[in-house]
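**Student:** Sequence:
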Amino acid sequence: MSVEKYVSFAAQSFTLPDLCLRIRNVLDDHRSDTDDIARMISVDPSLSAKILRLANSALFRFPSQIESIPKAINVIGGEALYNLVIAETANSAFKCFESGLIRLDKHWHSSVYCGMAGKYLAKQSRVRASERFFVMGILMNLSELVIAKCSPDEYQAYLSDEHPGLPWEKQKKYFNFTFAECSGTIMESWKLPLPLFFPVKNAHNPHKQAAERDIALIACAQRITLRENEPQEYGKLELFTPEIAASLKVEGETLGNAVSFANTETQKIVNLIR
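In full-length UniProt numbering, the protein residues as written are 1 to 274.
Just so you know, these hints were derived from the structure itself, not from any lab.
On a predicted model such as this, the values are computed, not experimentally measured, just so you know.
Any given hint could turn out to be false.
[What the hints assert, rightly or not] Here are the simulated DSBU-like pairs of lysine-lysine, each with C-alpha atoms no more than 35 Å apart in a straight line:
#1 K5 <-> K172
#2 K106 <-> K170
#3 K268 <-> K71
[What the hints assert, rightly or not] Taking CB as the label site, the calculated pair distances span:
#4 Q65 <-> G165: 42 to 52 Å
#5 Q65 <-> D153: 45 to 55 Å
#6 S42 <-> H207: 38 to 48 Å
#7 E233 <-> S92: 23 to 33 Å
#8 F240 <-> R31: 42 to 52 Å
#9 R53 <-> K106: 14 to 24 Å
#10 N25 <-> T241: 32 to 42 Å
#11 N229 <-> D18: 26 to 36 Å
#12 R126 <-> E4: 33 to 43 Å
We put the beta carbon where it would ideally sit given N, CA and C, even for glycine.
Hey, can you work out the whole structure from these sequences and the hints?
**Tutor:** Here you go:
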């Protein structure tokens with residue numbers, strides 16, 4: 001199957017909640033303000049509670065407690081709140097595409113880990129809107145679930161390949177595209193903003209890694225995740241390829257701290273988004 005057919009399957013099986021689209025419209029409308037966003041979210045008590053827990057989590061580390069949606073918007077900004085809503089929505093998407101071939105809890109943990117590592121690296125690199133890397137990391141391997149659900153035989157053949165090589169190299173071999181490329185295209189079909197889907201879609205393009213920091217950063221976060229979560233097979237994986245190093249300038253200490261941060265905080269975030 002082509003990447004377009006998997007994207008079509010994903011679009012038919014799961015659509016973004018209307019709330020996500022309405023928040024996006026409000027953010028893009030210069031006549032709207034934070035009160036408009038707060039009113040939308042506040043009518044959903046369950047979502048409001050989850051957003052407040054996330055706003056008070058290690059993702060932001062504010063010194064004072066954020067106890068209301070209006071305060072959350074004023075402190076972290078409308079775009080950050082939108083990203084948190086998308087992160088919460090991602091959990092529902094994962095469940096929609098649950099497959100017996102993938103342990104959903106392990107897959108979700110790994111996805112959040114990638115998001116936490118990416119967010120930390122972005123913040124330390126002073127990248128604008130660093131919290132969006134949390135969402136990118138979470139959604140980066142969404143398509144793996146879609147593919148396993150839609151094409152179990154092909155996915156099983158991919159899983160059974162014991163030849164050496166990185167996952168995205170094997171993905172190109174079996175599917176003619178990487179899971180990140182497919183995930184980014186699904187995100188694009190959901191009309192998520194360009195700064196969310198474009199880095200994911202191009203995460204494994206070496207030329208774009210060398211040219212664009214956002215792409216290099218999310219690629220590095222995925223390498224960290226792979227090395228730390230599957231140490232037996234990828235424990236010696238190079239985190240900084242020449243292409244990544246060309247556009248992402250961080251110290252070795254920052255990489256170590258990103259690992260420590262993700263190791264410490266991932267399970268807390270997993271427990272918040274259920």
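**Student:** Checking each numbered hint in turn, tell me which of them this model violates, lowest number first.
**Tutor:** No hint contradicted; all consistent.
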